[in-house]
Each structure stands twice: as C-alpha cells, then as structure tokens.
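Peer 1: Residues per chain are reported as follows:
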Amino acid sequence: MSLAIIGIAEVPTKRDPERTRWDMLTEVCIGAIRDAGVDKDEIEAVISVNPMAQPQMALDMALGRVPEVLGLKGCKDICVLNAGGTSTTNCLRLAKYFLENGQAKFVLIPHTTVQSDIPTQELINFFATAPLDMQWEYPYGVTFNGAMGLITNRYMHDTGATAEEIAAVTVSLRAWGALDPNSIFYGKPVTLEQVMESRMISTPLHAKECNLLADGAGAMVVTTHEIAQELGKSAAYELGHGVRFTGATPVLRKDPYFVEAYRESSQDALKQANLGINDMDLRQIYGAYPFTQCSALEGYGVCEPGEAAKIWAEGRCGPGGDLPCTTMGDATGRGHTGSGVSMAFYLETVRQLRGQAGERQVSDCNHALITTSGGSVMNTATTIFGSAPR
Amino acid sequence: MSDYKKPLPVVQPYSQAFWDGTKQNKLLIQTCGDCKATIFFPRQQCPDCWSTNLGWMEARGTGEIYAFSITYEGVEAAFVEDLPIVLAWVDLPEGIRMQSNIIECDPDSIEIGQQVEVVYKKINDDITLPYFRPIS
Chain A
142 MSLAIIGIAE VPTKRDPERT RWDMLTEVCI GAIRDAGVDK DEIEAVISVN
192 PMAQPQMALD MALGRVPEVL GLKGCKDICV LNAGGTSTTN CLRLAKYFLE
242 NGQAKFVLIP HTTVQSDIPT QELINFFATA PLDMQWEYPY GVTFNGAMGL
292 ITNRYMHDTG ATAEEIAAVT VSLRAWGALD PNSIFYGKPV TLEQVMESRM
342 ISTPLHAKEC NLLADGAGAM VVTTHEIAQE LGKSAAYELG HGVRFTGATP
392 VLRKDPYFVE AYRESSQDAL KQANLGINDM DLRQIYGAYP FTQCSALEGY
442 GVCEPGEAAK IWAEGRCGPG GDLPCTTMGD ATGRGHTGSG VSMAFYLETV
492 RQLRGQAGER QVSDCNHALI TTSGGSVMNT ATTIFGSAPR
Chain B
55 MSDYKKPLPV VQPYSQAFWD GTKQNKLLIQ TCGDCKATIF FPRQQCPDCW
105 STNLGWMEAR GTGEIYAFSI TYEGVEAAFV EDLPIVLAWV DLPEGIRMQS
155 NIIECDPDSI EIGQQVEVVY KKINDDITLP YFRPIS
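Chains A and B supply the protein sequences, listed in that same order. Heads up, the numbering used here is the position in the first sequence plus 141, with the first residue counted as 1. Heads up, the numbering used here is the position in the second sequence plus 54, with the first residue counted as 1.
Hints are supplied without guarantee of correctness; some may be wrong.
[Stated by the list, open to error] The following label-pair restraints were derived from C-beta to C-beta distances:
| id | chain 1 | residue 1 | chain 2 | residue 2 | range |
| --- | --- | --- | --- | --- | --- |
| 1 | A | Gly496 | B | Gln66 | 18 to 26 Å |
| 2 | A | Gly461 | B | Thr92 | 48 to 56 Å |
| 3 | B | Thr92 | A | Asp299 | 21 to 29 Å |
| 4 | A | His298 | B | Thr116 | 14 to 22 Å |
| 5 | B | Ser190 | A | Gly461 | 50 to 58 Å |
| 6 | A | Gln262 | B | Arg187 | 28 to 36 Å |
[Said to hold, decoys possible] Below are the EDC-like pairs computed for lysine to aspartate or glutamate, each with C-alpha atoms no more than 16 Å apart in a straight line:
| id | chain 1 | residue 1 | chain 2 | residue 2 |
| --- | --- | --- | --- | --- |
| 7 | A | Lys237 | A | Glu185 |
| 8 | A | Lys246 | A | Glu367 |
| 9 | A | Lys395 | B | Asp102 |
| 10 | B | Lys77 | B | Asp180 |
| 11 | A | Lys214 | A | Asp180 |
| 12 | B | Lys60 | B | Asp145 |
| 13 | A | Lys395 | B | Asp145 |
| 14 | B | Lys60 | A | Asp274 |
| 15 | A | Lys374 | A | Asp176 |
[Said to hold, decoys possible] Stretch-level coverage of chain B by chain A, calculated; a stretch enters the list once three of its residues show a Cβ under 8 Å from a Cβ in chain A:
| id | region |
| --- | --- |
| 16 | 57 to 68 |
| 17 | 76 to 89 |
| 18 | 117 to 125 |
| 19 | 145 to 155 |
Just so you know, these hints were derived from the structure itself, not from any lab. Predicted model, so just to flag it, every value in this text is computed and none were measured. Heads up, the beta-carbon is just placed ideally off N, CA and C, and yes, glycines get one too.
Build out the structure end to end from the sequences listed, making use of the hints.
Peer 2: Have a look at this one:
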C-alpha cells in the first residue's frame, strides 16, 4: 500500500455550457501537476475517469488525446476506467499498479464532465436507463430517485428514522456545501422547512434531497509514499483499502441499504491501516442519496443500527459537529457531476488532510475514511488516508 | 395497444417462458431441478449451483410489499401520463422478490407489509406485463 496524492486541482461545480470539457480538463490537469511541483514530462501514465453520457469525450480519453494535448512527453500509457461513481477509485487502484512495479513515478488522474449542454430529457433517459435491467426494471417507470426513495422508505421502516431526520441530512450536507467555493450551493444553505416544503419527487425524497446534475472537473497527481516524503510535499497517504460488491440490480440485493457492505469494506480498510473507526477524524460518504449517510455510519460501527439519522438531525455530522462527515457535501450538497463526484470526494479529503479546507476545515484532521460507490451502489469502496505515512 | 410508447421488456430466449406465462395470466418462476432454488430473474443457469436443469413453477400470484416509493415527477416522457407511479418490491411466498408497480388503488393508502395480488395488463400480442394491486 504505497499511494500518495501530492497534487490536486478542481474547477467550481456549475451549470455553465460555456465552459467546455477540454477547457476544464486542461485547467485541472495543469493545475494538479503544478500543485504537485513536478515537471509535466515526469507524468508517466494518465488514467482518466470515464465521462458518463459524453461518448465523444470518452473516446477522446480512451484513445489517448489527453497526454497529446498536454504535451506529456514522458507518458508511457493511458487508460479510461468506468465503474460509475467508483471510476476514480479504480483509477487510483490502477495507478498503484504503475507505481508499485516501477512503471511510473507520477500518474495523472483527470476527470471532466459537462451535463448542462445535454437536453434534460436525454439526461433523464440516460440516468433512468444506465443502471437498469431492460427486462425486469425499465418497463415499470423506474428512476434513480424512485429506486432510492423506495430504499429510503425501507430504511426508515426498519430503523424508525423519520422524514424530518432524513431531511436533516440534506440540511447538514448543504451547510457544508454553503462553505465550499467548489459547490454549486456555495453560500446557499437550506433550512429543514425548505427541504420539507420542496416538491415531492419520489416519496420520501423532496426535490432538495435529489441530485442536481451539473458540470465539473478535477484532477490529481499520485506517487509513492517514499517519493512524496522525499519531495517534502503535504500529501494524503493511502493507508488501507477495502471493497464489497452488493449487486447490479437493487431488487435482488440481500443488503438493501448496504450496511453490511459498508461494514465489511471499512473493516478491511481499517485493518490494513492498523487503525480503528474511532481514530478517524473525518468520514466522507459518497452515496448520492441521504439515507446512505446514515446506513454508512451504522455499517462503520460509529453508532448502533437505527441511531444514525438522529445523529445527523442533531447536527453532529455537519459544520461544528463532533462527528464531521462528508464535508464535500455529497451530490445533494454540491451538484452531481456524473462520475466526477468521487473525484471531488478525494480532492476534498486531500484538502482536509493538508489543512487547506478553509471554512470547512476539520480541526486536527489526520485520518480520514472515504467510501465511494458505483451505479446504484453496486459496490462500496472504502479507503483510509492519513496526513503522514505509517 | 399498438400505440404503446413505453419501453417493453427485452425478452431473452431463457426468459421466454415467463412472458409466455403472463400471456396466459400465469406468473411463472424459474426453478432449479438440482438444488431446488427458486430463481429470479430467469437465467441460463442456476445462480446457486450452475445447473442447467431448469424448470418452471406457477406462483400463487400473491405477495407482500417489502418497500415502495410514489414518484410524482422526473420520469421519461412516455411515463408522464401514468404519474404518480408506485414503484414497489414485492416478496412472493415462493421466496423471490420482484419489482413492479402497485396499481388500482390510492397511492397514499399503500403500506409496507401490505398483501397484494398480481394483475395482468396485455400490452400487445407478445407482451403482457404483471403488476400488483392490494388485496381488498
């Protein structure tokens, strides 16, 4: 386990079709390489996050345009990886292969997405059908919001969590987003009343509890622990990693709201890191829907089953709370940039560990746990990062 | 019903029997002749033991709502006329969980644990879709 993130860059999440995919991509790649303090020709591999619903950009990335446009003369190979929301995690895992076998000292991992130039109905169709079974789900008017609303209802039934407590998760996520210049909701917190009074989309989810599709881009430069230390850079050091597959089709899963997958992936990651859940100063949960912020805490063992929604409703996971979670705001508190949400999660985790998170900074943040998920949470990939190597 | 604009199930050779069944208002569940598993959705081999000795049994046609959500907006254009749509996971006594819609009732009256029965809607000569409605 030897990966360290030493350079990051991001553009603010917005809906602005004037910013092209390549404009943003170029800006974040140059920014991350400069932030890492390495020469562009020292980048020896480019592993890109697949841009969902953007076939031309996906082809450009898959067929090698990124290092060519940037003039990365030392690049030995490229790859695009697609696992929806865990694409960035997969990029980090492949980067480790290049780093550990000596093929690369520095790997660039970029992401770019523009959704604001795609017609709304086309986006609805894409996100309605992308994770769905064409035979057993699609004919029944299934949407992402509908399927996740259904799971939320079952979570509430089993745990006794109330609609107000679930809505309070969004209040805290938006409170983090309101403090984040990279959030589409920067300076725009919401109250519990505003969440509860927003339009009902798919019970129990109101409009403000669903995702706003947006544009964004981010990039990071990764290297080994040893090189990061030699460079003397402030970095995020990977200390442990674990993953669990839950299944492609929600209705067939034995673990409907992923508690076991959160539990097992976090236990594997913590064991590798030789740390416990109570050693974590920050928990970053990418689930895109508010109930995951609760079931993840229960799976991690932060609290007993059924307690997490109350903890969120008490404000303990938001700004100023004693259990800070998801300072990135998740997709509901920042804007959903397709497969880019997980990139933004890693970048925010690096900022926190470097002490560069501005008004969102968690005090003495030395260990952070981050879980990403792909598709409709087909998997949970949990990674422990520290501000120093073991 | 030739003006049906909503997506139709993409039928596979190994699921054809299921759709032949719904045409006759029968809900057929795939079964494994070796390990006796009940299988949903139908596959080419048993997901438990990989046997290809597969058959079909007729389900009772009743079930219990495991979870549901009422959708008011955000669906593809073809589904807008059906709003609100009640999406539900239904547990069948034969041991499988299906996804469908709950119809022919007031959506606000639906509860988790409610007993439902299958109801068939003929879409065209090839496809009849199974839905569920509360048992009154």
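Peer 1: Hint by hint, which ones does the structure fall short of?
Peer 2: 1, 12 and 17
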